[in-house]
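These protein sequences, in sequence, are chains C and R.
Mapping to the working numbering: the first sequence position 71 is 71, numbers consecutive.
Mapping to the working numbering: the second sequence position 27 is 27, numbers consecutive.
It cannot be assumed that every hint is accurate.
[What the hints assert, rightly or not] Short derived list, chain C residues pointing at chain R, Cβ under 8 Å:
id, residue
1, P14
2, G16
3, G43
4, E45
5, L47
6, R77
7, L88
8, F99
9, T101
10, P109
[As the list claims (entries may be wrong)] Computed far set for chain C versus chain R, every beta-carbon distance over 10 Å:
id, residue
11, L11
12, S53
13, Q64
14, Q106
[Said to hold, decoys possible] With a Cα cut of at most 20 Å, we get these calculated DMTMM-like pairs of lysine to aspartate or glutamate:
id, chain 1, residue 1, chain 2, residue 2
15, C, K2, R, D59
16, C, K42, R, D38
17, C, K96, R, D59
18, R, K57, C, D83
19, C, K96, R, E1
20, C, K96, R, E102
21, C, K96, R, E62
Because the hints were derived from the structure by calculation, they are not lab data.
Glycine included, C-beta positions come from ideal geometry on N, C-alpha and C.
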Amino acid sequence: QKEVEQDPGPLSVPEGAIVSLNCTYSNSAFQYFMWYRQYSRKGPELLMYTYSSGNKEDGRFTAQVDKSSKYISLFIRDSQPSDSATYLCAMSVADKLIFGTGTRLQVFP
Amino acid sequence: EAQVTQNPRYLITVTGKKLTVTCSQNMNHEYMSWYRQDPGLGLRQIYYSMNVEVTDKGDVPEGYKVSRKEKRNFPLILESPSPNQTSLYFCASSSHRGSYNEQFFGPGTRLTVL
């Protein structure tokens, strides 16, 4: 079983939709939870970062962590075509950083 | 502009022909690492370096070598490439040790080994 599971998609939504991206994990020791966004032919870039459980909001993006269920989510409100990318969850404890496989999102006009 | 650069961006080679992928960062970061990205497997760490002359294995180090003689550079060496090393490679750096620190990624090197 992989330590981090993420649905690869693709997920195709119309502009303006609310998008929900999710990851599950098995290692209860993970403390830091991140979402990276990767555009085609580019390296990943950090989008959101949370520590422990709870919600964090940044503009149209909300990251949610539920440690009791070992489940994290990224919500994108009012999605735009420019949000079309692959979204990777990542989790860490100490020096160990594990990435999910990424979910490809396409937002069509 | 703060960035991580990699060269070459694309490389096609043959089995057994030694190659080096260069990585350089201009942010004075201590921590650098190499990842490979494969469909269905995601990003997996190959090697990392916490500072000059300090390197250690990641999750998939077999078939790779690295060196860190200068703070800004962290080349990845494939002494005898094989087809199973065909992949998309990313170099990354961060300001400090600790996987929770933001990783700054390079643009990637797409390697094909025939």
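Against the structure, the hints:
no.: 1; hint: P14; verdict: 27 Å, violated
no.: 2; hint: G16; verdict: 30 Å, violated
no.: 3; hint: G43; verdict: 3 Å, holds
no.: 4; hint: E45; verdict: 7 Å, holds
no.: 5; hint: L47; verdict: 10 Å, violated
no.: 6; hint: R77; verdict: 23 Å, violated
no.: 7; hint: L88; verdict: 7 Å, holds
no.: 8; hint: F99; verdict: 4 Å, holds
no.: 9; hint: T101; verdict: 4 Å, holds
no.: 10; hint: P109; verdict: 27 Å, violated
no.: 11; hint: L11; verdict: 17 Å, holds
no.: 12; hint: S53; verdict: 15 Å, holds
no.: 13; hint: Q64; verdict: 18 Å, holds
no.: 14; hint: Q106; verdict: 17 Å, holds
no.: 15; hint: C/K2 / R/D59; verdict: 13 Å, holds
no.: 16; hint: C/K42 / R/D38; verdict: 15 Å, holds
no.: 17; hint: C/K96 / R/D59; verdict: 10 Å, holds
no.: 18; hint: R/K57 / C/D83; verdict: 34 Å, violated
no.: 19; hint: C/K96 / R/E1; verdict: 29 Å, violated
no.: 20; hint: C/K96 / R/E102; verdict: 13 Å, holds
no.: 21; hint: C/K96 / R/E62; verdict: 18 Å, holds
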